[in-house]
Amino acid sequence: MTEMWLNMGPQHPMTHGLWNLRVKIDGETITEAEPVIGYLHRGWEKLAEHRMYPQIIPMADRLCYGASMSWSHLYCMAAEEMMGVEIPERAKYIRTIVLEAQRIGSHLMWLAALGTDLGSYTIFLYPMRERELFLDLMQNLCGARMTYNYPRIGGVRNDVPPNFERDFTKVLDHFEKRIPDYEALCDESTIFRMRTEDVGKLTAEQAKNLGVTGPNLRGSGVDYDIRRDDPYEAYADIDFNVCVQQGCDAYARYRVRMDEMYESVDIIRQAIKKMPDGPVRVRPPRTAPKGKTGFAHVEDPRGEGLMYIIGNGDDRPYRLKVRSPIFVTVSAAPYMLKGYKVADVPSIMGSVDMCLGETDR
Amino acid sequence: MEEQRSGLARGGLTAEEIAKRITERFPTGVSITSAKPYRIYSKVDSDSLLKLCHFIKDELDFEHVSCLGGVDWLAENKMQTVYHITSYANRVTMEMVVDLPRDKPEVDSITPLWGGANWHERETYDMFGIIFKGHPRLERILNPEGTEVFPFRKDYVTGRRV
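Protein sequence lines correspond, in order, to chains A and B. Numbers 1 to 361, taken from our numbering, label the letters of the first sequence in order. Numbers 362 to 523, taken from our numbering, label the letters of the second sequence in order.
Same shape as in the complex, but just chain A (with noise of 0.2 Å):
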């Protein structure tokens, strides 16, 4: 049969975002596959060399509207790393706290997206219900449901607000008894399981060598998890598993996803209960020297966030590079997609977690 081009995007509700998926196919097989990017490139990175430093934090909030908490925390902890700046230990333990409730926000988001994806509306309906009360925490604890503004270079903004302890508990014990019911609608669904199984196949040796990182290289059986093995913040005082499944395929990327939301839950008991007392910011620098250099990288929920920051001896930076962790692994969707049909094509990308407000920065 003669092969074709079909566009699947830039408007297509596969996309979640606007980004184009090219791919060749012949009948319903996937012969070729080329994503197109850069449809919402805003120039990030020169934008933040001409602002100040804590200028900068919301804008990195911007960089990815579901998961805004861990990327103004990696820019404030390249800052740090630049400026030698030691937060607080209380600071620490508020940061571990929130990065971990973000990243259950972050993935009920892409639990409910993979729902709509699969045409499962009830999937998408009960993680964004229980989604939105980690957001009412936030908002408890900083004001905004989304885009928080809430980290600093040498610490948080604020302190926790009461009944912080509290309220956190009666949430975490509500929404461990409801990660169940997610499992009972996807695991125990033929449908669900059909169209996840085996579909989208990405090996140990290509997760690697592709730069594939966070839930998706686990999903590949590779055991690496930089909260683990890249110690920051409290993350070295505390006692947790790195979920890895050996399946490869876009069910195991589901599977990781569902099983680190547990740990998240045990990361925020077993932080709230060590927090120490004390300060929760300190006052950093205004001004770096000129060349001096910083990196920093972190478990962000999609995988592997690095900044890269240069001072330019002012008050501004002199170059700030951001790794963007689906930047990368979409440039390895080809390899996922090859050799499957184009119906595989949403539960592929959806297992992937898009996000196209850091990819194209």
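FYI, nobody ran anything at the bench for these hints, they're computed from the structure. Certain hints may be false.
Heads up, simulated EDC-like pairs for lysine to aspartate or glutamate below, C-alpha to C-alpha not over 16 Å straight-line [to be verified]:
(1) A:208 to B:422
(2) A:170 to A:266
(3) A:273 to A:167
(4) A:274 to A:239
(5) B:515 to A:45
(6) A:290 to B:437
(7) B:439 to B:467
(8) B:515 to B:437
(9) A:208 to A:223
(10) A:273 to A:239
(11) B:397 to A:81
(12) B:412 to B:422
(13) B:412 to B:469
(14) B:494 to B:408
(15) A:290 to A:314
(16) A:208 to B:419
(17) A:338 to A:26
(18) B:515 to B:464
(19) B:381 to B:420
(20) B:418 to A:205
(21) B:515 to A:49
(22) A:170 to A:132
(23) A:170 to A:136
(24) A:46 to B:516
Residues on chain B that point at chain A, a partial pick, calculated with CB under 8 Å [as the list claims (entries may be wrong)]:
(25) 399
(26) 425
(27) 445
(28) 454
(29) 476
(30) 477
(31) 504
Idealized CB from N, CA, C, for every residue including glycine.
Starting from the structure of chain A, add chain B where the hints point.
Only chain B this time, still in chain A's reference frame:
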């Protein structure tokens, strides 16, 4: 727990040991600025880059390209490419800084070794005009086709901020 966290449980090398092996193999061309747990910082000549990458990939288990970016030093009249390469087995991230002449910014591509560098190199070409020799498909990626400027260079005029 502590032993597992320090990377010894997997039989990995520490950052200091890796730095020592690199210095032994490359007496010239590579200078290790500092090595501490989880981190190695180094400066590399553009001629030695590809040889060093082959060495750390094949013998020291660096299997992942974390990041790759460019820097334009207008006053110093040079460009830089900055590599962050991670070893999952040894739990070390290595920073490599390569200086390039600003009038002829060319460097060997590391995409044949690590596929993860592919789009990073395309982006660096797109934004800085740095040529990666041996890249399978060096085209614009974020800017539209037909753009004639390299917008992240420091001499690119962005206009006034309103």
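These are the hints, each one checked on the structure:
1. A:208 to B:422: Measuring from Cα to Cα gives roughly 11 Å; hence the hint holds.
2. A:170 to A:266: Holds - the C-alpha atoms of residue 266 of chain A and residue 170 of chain A are around 14 Å apart, at most 16 Å.
3. A:273 to A:167: 14 Å, holds
4. A:274 to A:239: 12 Å, holds
5. B:515 to A:45: 12 Å, holds
6. A:290 to B:437: Given pair residue 290 of chain A, residue 437 of chain B holds - Cα atoms ~12 Å apart, limit 16 Å.
7. B:439 to B:467: 11 Å, holds
8. B:515 to B:437: Status holds; Cα separation ~12 Å.
9. A:208 to A:223: 11 Å, holds
10. A:273 to A:239: At roughly 13 Å apart (the allowed maximum being 16 Å), residue 239 of chain A and residue 273 of chain A satisfy the hint.
11. B:397 to A:81: 14 Å, holds
12. B:412 to B:422: 15 Å, holds
13. B:412 to B:469: With Cα atoms ~10 Å apart, residue 412 of chain B and residue 469 of chain B stay inside 16 Å; holds.
14. B:494 to B:408: Measuring from Cα to Cα gives roughly 12 Å; hence the hint holds.
15. A:290 to A:314: Holds: residue 290 of chain A and residue 314 of chain A sit about 8 Å apart, inside 16 Å.
16. A:208 to B:419: 14 Å, holds
17. A:338 to A:26: 11 Å, holds
18. B:515 to B:464: The hint holds at about 14 Å.
19. B:381 to B:420: At roughly 13 Å apart (the allowed maximum being 16 Å), residue 420 of chain B and residue 381 of chain B satisfy the hint.
20. B:418 to A:205: Holds, at about 13 Å.
21. B:515 to A:49: Given that 16 Å is the threshold and the Cα spacing comes to 10 Å, the pair holds.
22. A:170 to A:132: At roughly 14 Å apart (the allowed maximum being 16 Å), residue 132 of chain A and residue 170 of chain A satisfy the hint.
23. A:170 to A:136: Holds. Residue 170 of chain A to residue 136 of chain A sits at ~12 Å (cutoff 16 Å).
24. A:46 to B:516: 12 Å, holds
25. 399: 5 Å, holds
26. 425: At 6 Å from the nearest chain A Cβ, residue 425 of chain B passes the 8 Å test, so the hint holds.
27. 445: For residue 445 of chain B, the interface hint holds, since the closest Cβ of chain A sits about 6 Å away, which is under 8 Å.
28. 454: Cβ of residue 454 of chain B sits 7 Å from chain A, so the hint holds.
29. 476: At 4 Å from the nearest chain A Cβ, residue 476 of chain B passes the 8 Å test, so the hint holds.
30. 477: For residue 477 of chain B, the interface hint holds, since the closest Cβ of chain A sits about 2 Å away, which is under 8 Å.
31. 504: Residue 504 of chain B check passes; min Cβ-Cβ to chain A is 7 Å, inside 8 Å.
In this structure, none of the earlier numbered hints is contradicted; all agree with it.
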